[in-house]
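J.: From first to last, the protein sequence lines stand for chains A and B.
Be aware that the first sequence starts at 1, since it is given in this note's numbering, and climbs by one per residue.
Be aware that the second sequence starts at 1001, since it is given in this note's numbering, and climbs by one per residue.
Hints listed in this document are in silico derivations from the structure and should not be mistaken for laboratory results.
One or more hints might be untrue.
Unchecked claim - The list that follows gives simulated cross-link-like pairs (lysine-lysine, BS3-like), each with its CA atoms no further than 30 Å apart:
| # | chain 1 | residue 1 | chain 2 | residue 2 |
| --- | --- | --- | --- | --- |
| 1 | A | K137 | B | K1241 |
| 2 | A | K377 | B | K1377 |
| 3 | A | K152 | B | K1130 |
| 4 | A | K230 | B | K1137 |
| 5 | B | K1230 | A | K137 |
| 6 | A | K130 | B | K1152 |
| 7 | B | K1576 | B | K1365 |
| 8 | A | K127 | B | K1127 |
| 9 | A | K152 | B | K1230 |
| 10 | B | K1137 | A | K273 |
| 11 | A | K230 | B | K1152 |
| 12 | A | K120 | B | K1241 |
| 13 | B | K1586 | B | K1576 |
| 14 | B | K1117 | B | K1049 |
| 15 | B | K1377 | A | K371 |
| 16 | B | K1152 | A | K137 |
All of these numbers come straight from a predicted model, not from anything done at the bench.
2 protein chains.
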Amino acid sequence: MYQGGYTGKILRINLTNQTSKEETLPLDVAKDFIGGAGFGIKYLFDEVKAGTDPLGPDNKLIFASGPFSGTTIPCASRMSVTAKSPLTGAVGMALTGGYFPVELKYAGIDVLIIEGKAEKPTYVWIKDGKVQFRSAKKVWGMKTTDCQQIIKNELNDQNVRIACIGPAGEHLSKIACIINELRAAGRKGLGAVMGSKNLKAIAIRGSGEVAIADKEKYKTARDEFAKAMKDSPVLYPQFSKLGTPMVVDHACAIGIFPTKNFSATGEYAPADKIGVEMQLSRNVGSEHCYGCPVGCSQVKVATTGAYEGIMAEGPEYETFFSFGGETGVDNIDAIIAADRLADELGLDTISAGVTIGFAMELYEKGILTDKDTGGLKLNFGNDEAMLTLLRLMAYREGIGGLLADGSKAAAVKIGKGSEKYAIHVKGLELPAYDVRGAKGHGLNFATSYTGADHNRGYAFQEIFGIPVPYAVDRFSAEGKGKLTKWNQDVRSVACDAATMCAFLLDMAVPAIATQNTANLMEAVTGLKLSSEEVQTVGERINNLARAFNAREGFTRKDDTLPERLMTEPLKAGASKGHFISKEDLKKMLDEYYTERGWDVNTGTPTRRKLTDLGLGYAADALRL
Amino acid sequence: MYQGGYTGKILRINLTNQTSKEETLPLDVAKDFIGGAGFGIKYLFDEVKAGTDPLGPDNKLIFASGPFSGTTIPCASRMSVTAKSPLTGAVGMALTGGYFPVELKYAGIDVLIIEGKAEKPTYVWIKDGKVQFRSAKKVWGMKTTDCQQIIKNELNDQNVRIACIGPAGEHLSKIACIINELRAAGRKGLGAVMGSKNLKAIAIRGSGEVAIADKEKYKTARDEFAKAMKDSPVLYPQFSKLGTPMVVDHACAIGIFPTKNFSATGEYAPADKIGVEMQLSRNVGSEHCYGCPVGCSQVKVATTGAYEGIMAEGPEYETFFSFGGETGVDNIDAIIAADRLADELGLDTISAGVTIGFAMELYEKGILTDKDTGGLKLNFGNDEAMLTLLRLMAYREGIGGLLADGSKAAAVKIGKGSEKYAIHVKGLELPAYDVRGAKGHGLNFATSYTGADHNRGYAFQEIFGIPVPYAVDRFSAEGKGKLTKWNQDVRSVACDAATMCAFLLDMAVPAIATQNTANLMEAVTGLKLSSEEVQTVGERINNLARAFNAREGFTRKDDTLPERLMTEPLKAGASKGHFISKEDLKKMLDEYYTERGWDVNTGTPTRRKLTDLGLGYAADALRL
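Only chain A is shown next, with the shape it has when bound in the complex:
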């Protein structure tokens, strides 16, 4: 035993040479970064030099689960995937659940680093840490569900777990994702990184166990956590039955469910078409990640028209937005079908939907014409066109070629003033919160190290009125710098590094998240960190990620929001009249950088801050 919770092993796979080697995970890395995204960002910073082509062989793809993955701690069996993002050029990091992350751990691996580029389509088969490089000829071109089944058959083992790319990743779409089962490490184009390495899939199976440092404390910490989950007024009574899309009704009610490419938020609130009541009419049951007693993933089956019989795990709230509100499509069965199709093609549902919504607005404004679209009638609400366009994007065919790399790249190619309709930060399309009615969300999107990413510091305070660490007014810019720092740091450690489900943070342990993580850490790993030290791990992660981005040239000027959200007030609904003025953003950024101890002019971490966090090497790298 290396240490409770960790296998102690980094497995490094080089696709160019078809070699692999094991390294020992240094204990101070475990203590400083805990796991998951912490490990991902640490090794990304150390190993991927400034200016590296995200789709070149020098980019690395880093999979890491957390110290509690594979134990009986509920909802802990997730993993992060990290690379330099081809979509943003910044840190690309996404998390996924399901069963692959646990299998990684059982195979004896804390961190899996994929390097180089295979000459031909390849998949990697890892059994208890032993690596085989296998031809992916049979599955190249296949959709993700088929790919996984065929590899299981080929390996003659139905218990293998597989992470793979679909056609979108093969075609290097910068909004391609990585799929395991029907789950996605969804955003920032990590599927394109995998595709650029000619890596169709990673198949994994392990027979190991995860050691527990202190079984007595483990039982106590686990029971306390389970009790907190049980005591949540939302988690079991509502969330386990409805999952994330239960937020559709609420977001519509408070006027922040973005619609028609953020042009009609509040004016058009499709809750009656795609809200909870309609969702329940399509729900047939739920699916769970490993070891999760909640099972929030709602399985839906479409029941009408050409979509009848199509099943999706989800769509999640974000996808009800991206293929629903954003595109003006209110046919719930079309949204279910689009969700499944995106999973099969390996496209990020959020970026794909927002890019389609963007194209629809350009089409309605005459900036894109039938000539551009090949006759595809890209009006808002055209569900058939949306489905067709998804396929075209995955294969880079026709108009799909123009849109396959997301809205920022498309706007550059299209020109004609289209950039002002491209709703992204740093190239990453906005998720399902119209920040004009939730300014903390706006600041988080502007400053997140991954771009407009709700998962890097979700301001649940604004949406659900939870007064932790303090109550906030969603329309106000006041105090949002401090709030955002807290949200980002806590989320980064308690969820992203510990690879625990973010829903638990928001719904079960918002006030005690870092203490909970500290308790679990001591019990499982034997590493003693105070609640404050845990929070500092979150801060360390955000600082190192920010240093990576700074080294790539990102500065304060990149911490901005789409023009529309800073100039057009919401025209209707419960957030009517609100927007984030440029002055608001400036104020929030000033507060944020100050709270972070960063240079307010450049938005860059200071040497002092980095050194305080034990990141002196990052200060050196930035020549601070």
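Start from chain A and add chain B according to the hints.
T.: Then chain B, alone, in the frame of chain A:
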């Protein structure tokens, strides 16, 4: 140990009462019927009374594997599914391979008899013979691949094997099939029987082994069989690389690949569009049934247009016909897509395609109009319309409702002389052999106890020129009665009862099939039968099946062929000018009945023949 090869167990599941019980398989049943279809027909005859509604609770669904299933005998791990067919009203029996049949055996079951009707959608979970009745609420409405995955997840066991129905079976389409993995117990509407019982799926897992009676003889018999396979000039050199669709080119060349609802056979030979060369351009690899060293199932991925990325295991030769030649569709990717869609919807590809081809001819002739089709342009060659129609048929929507029960039922509803374009025997649509250029096939289709079924007595002699038991002229009616009896009896026992892959019979052991079965029987089960006695088992099966049909009212007059094939000579190609005249058919039937020892006037087995075969109880039942 009961007996080598057999578990000795019949598992009887009653869905009405949600009860199950075990019975002992009588040893004389094993000796008289060997397994698979033999068992199915035996219990169908004994337990399903004349006049039973095929879609009522009194019909039974009987699954049976063979004595060699689950051993290391190659290609033996198949099973039969038997019920009274809702499509024909006669015996409905189909075989399937894959992995479910072996799991059945490992779960300790030789024969699984499903009775009654569940009140609500249900699936049955059988683990080592222990039965659970579980709600199918979650998977009802789901396509077959998703259904299987979701049940595996629900049972928390990825090694469970599942046979299920798709939407077509749920909607009681009389051409619905039963799917396990991507394989089908395809024909005669057995999926509708399952649907009528509210039975969405059977999930099975076993940990047992199959006993071998004489290990020395077993090794010898298995090695001899493996050598015969190896010595085949076709099996490994060609068949394992191309699978059944390699026949497309040959069938086109000899002018018997049926095209455009058998209206253009020979005139239109699409081998350049869907023949071997094109097939190879879509092949990515192959899949195997349990224990099969051949792996004939060719996995294809479509590469163009809206079909890009769609994978099918297959299409098999028959499906290249039914969704290709028959419908005039020559877009190979559309055929791949239609094959997969049919598997997902749970529709028999042959009957579905032939029914669509039939509808296309009616549409081109103006018997069906845009009003009937809801605007669907059902012209020959319209691949999009074909795919749409498949879906409509599975859900009984629009024109699909008219066609969901196959061409015979549709013709009755449509009237207007449409029956003469309905290409079926006893309601079962013809497979991929235009019998006008292969008269033995014609006689076999006319007399098979399941209707126009190539698998019940395939005249390989006519297609491949194999002179076993003697050489034949495919254009001649002479000697086809004797040939058909031989083909039907040998096939029924060596393949259908022994549940061994039919391709082996044709390609590896045509001349020694019954001796091979006898050798394997003695070695595995310890039951000693001579080659002649084995052949008699085949005859017994055909006689008992015929007795079942006779009890349902079938007589000589039902042993006929579609009017077109007896009146319109082929207009072009290598079989130009040929057809099966009514006189031809009469002559062939006379010879056939005489060879069988049946009453030539009625086509009914005689008491003497039945008694000779130990089927005196069938003679009693028929009041002979």
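J.: State for each hint whether it applies.
T.: Hint by hint, here is what the structure shows:
1. Between A:K137 and B:K1241, the direct Cα distance comes to roughly 15 Å. Compliance with the 30 Å bound is thereby established for this hinted pair.
2. A threshold of 30 Å between alpha carbons decides the hint, and for A:K377 with B:K1377 the separation of about 22 Å falls inside it, so the pair holds.
3. For the suggested pair A:K152 and B:K1130, the alpha carbons sit about 27 Å apart, so the restraint of at most 30 Å is met.
4. Restraint check for A:K230 and B:K1137: the C-alpha separation of about 27 Å stays at or below 30 Å, so the hint holds.
5. Of the supplied pair hints, the one linking B:K1230 and A:K137 holds, its CA atoms being roughly 27 Å apart against a limit of 30 Å.
6. With a C-alpha separation of about 27 Å, the suggested pairing of A:K130 with B:K1152 holds against the 30 Å cut-off.
7. With a CA separation close to 24 Å, the supplied pair B:K1576 and B:K1365 stays within the 30 Å bound.
8. Annotation: proposed proximity of A:K127 to B:K1127 holds, straight-line Cα distance about 28 Å (limit 30 Å).
9. Between A:K152 and B:K1230, the direct Cα distance comes to roughly 28 Å. Compliance with the 30 Å bound is thereby established for this hinted pair.
10. The hinted pair formed by B:K1137 and A:K273 meets the criterion: a straight-line CA distance of about 24 Å does not exceed 30 Å.
11. Our distance criterion of 30 Å between C-alpha atoms is met by A:K230 and B:K1152, whose separation comes to about 28 Å.
12. Pair hint A:K120 plus B:K1241 holds up; C-alpha atoms about 22 Å apart against a cutoff of 30 Å.
13. A threshold of 30 Å between alpha carbons decides the hint, and for B:K1586 with B:K1576 the separation of about 22 Å falls inside it, so the pair holds.
14. For the given pair, B:K1117 sits about 17 Å from B:K1049 by alpha-carbon distance, which is consistent with the 30 Å threshold.
15. Of the supplied pair hints, the one linking B:K1377 and A:K371 holds, its CA atoms being roughly 27 Å apart against a limit of 30 Å.
16. For the suggested pair B:K1152 and A:K137, the alpha carbons sit about 27 Å apart, so the restraint of at most 30 Å is met.
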